[in-house]
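Q: With the hints as extra help, turn the sequences into a complete structure.
Protein chains in written order, with the working numbering: chain A, 1 to 364; chain B, 365 to 680.
It should be emphasised that the hints constitute simulated quantities derived from the structure, not laboratory data. No experiment lies behind these values; they were computed from the predicted model shown. Backbone N, C-alpha and C fix where the C-beta goes; we use that ideal spot for every residue, glycine too. Treat the hints with care, since some could be wrong.
[As the list claims (entries may be wrong)] Keeping only pairs whose Cα atoms sit at most 30 Å apart, straight-line, the calculated DSS-like set for lysine-lysine is: (1) A:232 with A:84; (2) A:232 with B:451; (3) B:451 with A:216; (4) A:7 with A:348; (5) B:451 with A:348; (6) B:451 with A:84; (7) A:7 with A:84; (8) A:84 with A:348; (9) A:7 with A:174; (10) A:7 with B:451; (11) A:84 with A:216.
[What the hints assert, rightly or not] FRET-style restraints, in silico, Cβ to Cβ: (12) A:277 with B:424: 34 to 42 Å; (13) B:634 with A:175: 17 to 25 Å; (14) A:4 with B:552: 51 to 59 Å; (15) B:613 with A:229: 36 to 44 Å; (16) B:676 with A:236: 23 to 31 Å.
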Amino acid sequence: MKIIFEKRKSHSVAAMIAVPVISFVFSLILTGIMLAIFKANPFITFGAMFNGAFGSMMGFSETLVKAIPLMLTGLGISIAFKLKFWNIGAEGQLTMGGVATAGVVLFLGDSIPPTLLLPAALLTGVLAGALWAGIPAILKTSLNVDETLVTLMMNYVAIMFSEFLFYGPWRDPKGFGFPGSKAFPETVWLPRILGRAHIGLYFALVAAILLWIVFKRTRWGFELGIIGASPKAARYQGIAVGRNIVLAVFLSGALCGLAGATEVTGIARRLQQGLSIGYGYTAIIVAWMAQLNPIAVPFVAVLMAALLVGGDQVQMMMGLPAAMGIVMQGMMLFPMLAGSLFTEYRVKWIRAPKRAAACPEGEA
Amino acid sequence: MELINSILTITLRAGTSLVLATLGEIFTERSGVLNLGLEGIMLMGAVTGFAASYYTGNLVFALLVSMTVGAILALLHAFLSVTMRAKQVVSGLSITLFGSGFAAFLGQRLGPESNHFRLVGLSGARFEPFHPAVLGDIPIIGALVNQDIITYAVYLLIPLAWFFMYKTRPGLWLRAVGDDPQTADAMGVNVLRTRYLYTVFGGMLVALGGAHLSLSYTPGWTENITGGRGWIVIALVIFSMWNPSRAIWGALLFGGINAVQFRLQASGTNIPASFLNMMPYIVTILVLIFITWWETLSKKVGGPASLGTSYMREDK
Chain A
1 MKIIFEKRKS HSVAAMIAVP VISFVFSLIL TGIMLAIFKA NPFITFGAMF NGAFGSMMGF
61 SETLVKAIPL MLTGLGISIA FKLKFWNIGA EGQLTMGGVA TAGVVLFLGD SIPPTLLLPA
121 ALLTGVLAGA LWAGIPAILK TSLNVDETLV TLMMNYVAIM FSEFLFYGPW RDPKGFGFPG
181 SKAFPETVWL PRILGRAHIG LYFALVAAIL LWIVFKRTRW GFELGIIGAS PKAARYQGIA
241 VGRNIVLAVF LSGALCGLAG ATEVTGIARR LQQGLSIGYG YTAIIVAWMA QLNPIAVPFV
301 AVLMAALLVG GDQVQMMMGL PAAMGIVMQG MMLFPMLAGS LFTEYRVKWI RAPKRAAACP
361 EGEA
Chain B
365 MELINSILTI TLRAGTSLVL ATLGEIFTER SGVLNLGLEG IMLMGAVTGF AASYYTGNLV
425 FALLVSMTVG AILALLHAFL SVTMRAKQVV SGLSITLFGS GFAAFLGQRL GPESNHFRLV
485 GLSGARFEPF HPAVLGDIPI IGALVNQDII TYAVYLLIPL AWFFMYKTRP GLWLRAVGDD
545 PQTADAMGVN VLRTRYLYTV FGGMLVALGG AHLSLSYTPG WTENITGGRG WIVIALVIFS
605 MWNPSRAIWG ALLFGGINAV QFRLQASGTN IPASFLNMMP YIVTILVLIF ITWWETLSKK
665 VGGPASLGTS YMREDK
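A: Spelled out as structure tokens, the structure:
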């Protein structure tokens, strides 16, 4: 018997839905085994996680709080990944978005009319994220510098820059030695919907729908699709590959910047430690689980956020490590990746005739 | 002289984990597999190595544990990217995401009950640097010999790796598989097996690099003990142009940055710590830009031609 992989003309829709679901179940089973090894009852643990994330209004609102930045960064990363531009710098772009937003609030608060201050601050954050992503994009398209490394290194630079600010010049002198900027005035607090969950949720949902329209219904989206599939083919068709990549990555960074801007005005309401708790990295999982489909991103983001909140919950209640949620997220990726073979290829089992099997095939 | 000596000593100590991981990744990439999972593998190597040394006090066992863990994670990468033909970039990223999460989890769970099951803050057996009687007191040479056994192993490993890759038949096959898998296949080299072999071997060296951090350079476990070294190594491989004999320079450069940073912080400068800490990352970006620019200019691309692509006979 022989297994043959045949490249599919278009991706299998059934496999695209089945693979993430199976991956999730697979991750549950593996984590369950791991919990059992560490002498914790997996059923009680999963129950507590679910309860923590969805069981109460308070828990659900916290899940949304974490889902909002994951949606925005997840959408941002999806755009870049569609073009095979491996932007793993969402963490840094988010941080720079938060820093720029805080900068506007802290230093231009008096010169901008109060009603315009919040929009101006958010826009600056968006712009900062876009520019921070723009550097690796331009390096990639002009000099062919590897974007994976540059975007990642820039994460460290951004985070340390923000630390420099709130430990140093931006530190609140009346903060009792607490590292962080002055608290923002109430005029720039992002309105909240439920608990601490803020209207960043609406931004994210609107962005998801707009992106879906862009990719499915516009010429630009179509061109980006061609670039992603084959830059060479795109070039033959007269598409400006470099310029489009830069534009798309700008957009990618802009969404990550927006995530930072809404975090800083919606949650902490000052610039301080822990602006991002690895959202930019989890967003890679979000984008991949959603198979880069903008409509799927919000749902996956809620699931991933639930794992984070649930992880915190089992830490508080059962003394299990909070990192468990992150481990579960990571474990989902492997079956996902293995499964992508089935969305791209058709697997055929062929019963080979005996004689053919005896033929020398050059099997070394 | 005293200053140079101490900077060189720290440079070599800090550079050891980088050289080990760089050599590992050179082997992996030479076979055509890009493994971006280094950061995760290093962290897992560091946490498991430290836990093993804490509980058994046996350093050789600790190294074996961490190398086994590295091999398993690399095997997973090989399975996903070679057999299942997942995109190597994404598969590697997944290894890093999973590895760093799992390492954090283990760090919060493997410890003794008295420490709330945490490994943070504990100390176990560690590699101590030697101090040979006469040689150890000579400047410069002293910096070279006042090192632990892993650094000594690195001194040996670099020429050996170079010799293997350029002067032996299996080394030739390895390079052939990375440069032109079709031809290598036609020559009778088993492409898939070669890729598996060197991905796993590379993963073991990478994990060893991680173990050197938790067992020697900064003994003990702290979350994110690697601080992005796994990523810096990816840049160092490009910097070395995939040649083991050049692996040492990049590692020395970055080890040197660490050492200077260390000195400056100890002497209390006016430069904020954040900016000093940024240096390795900014230098990595600059080096990367320079190398890429120089390679395009001189049309000399040292990288394996098939790097990052999966191989399948039917795909021809």
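Q: Give a verdict on every hint.
A: Consistency of the hints with the structure:
For the suggested pair residue 232 of chain A and residue 84 of chain A, the alpha carbons sit about 13 Å apart, so the restraint of at most 30 Å is met. Pair hint residue 232 of chain A plus residue 451 of chain B holds up; C-alpha atoms about 19 Å apart against a cutoff of 30 Å. Under the criterion of a C-alpha separation no larger than 30 Å, the hint pairing residue 451 of chain B with residue 216 of chain A is consistent with the structure, at around 24 Å. This hinted pair checks out: residue 7 of chain A and residue 348 of chain A have alpha carbons roughly 11 Å apart, not beyond 30 Å.
Proximity of residue 451 of chain B to residue 348 of chain A is assessed by CA-CA distance (about 22 Å); at most 30 Å being required, the pair is judged to hold. Straight-line distance between C-alpha atoms of residue 451 of chain B and residue 84 of chain A comes to about 10 Å, which keeps the hinted pair within the 30 Å bound. As the CA atoms of residue 7 of chain A and residue 84 of chain A are separated by approximately 19 Å, the hinted pair is consistent with the 30 Å bound. A distance of roughly 29 Å separates the Cα atoms of residue 84 of chain A and residue 348 of chain A; the hinted pair therefore holds under the 30 Å criterion.
The suggested pairing of residue 7 of chain A with residue 174 of chain A is violated, with an alpha-carbon distance near 64 Å, which exceeds 30 Å. Annotation: proposed proximity of residue 7 of chain A to residue 451 of chain B holds, straight-line Cα distance about 15 Å (limit 30 Å). Only pairs whose Cα atoms come within 30 Å are accepted, and residue 84 of chain A paired with residue 216 of chain A is accepted, the gap being roughly 18 Å. Remark: the range hint 34 to 42 Å for residue 277 of chain A to residue 424 of chain B is upheld by a beta-carbon distance near 38 Å.
Distance hint for residue 634 of chain B and residue 175 of chain A: a CB-CB separation of about 23 Å, consistent with the stated range 17 to 25 Å. A hinted range of 51 to 59 Å for the beta carbons of residue 4 of chain A and residue 552 of chain B is inconsistent with their spacing of about 23 Å. Remark: the range hint 36 to 44 Å for residue 613 of chain B to residue 229 of chain A is upheld by a beta-carbon distance near 39 Å. For residue 676 of chain B paired with residue 236 of chain A, a C-beta distance near 25 Å keeps the hint of 23 to 31 Å intact.
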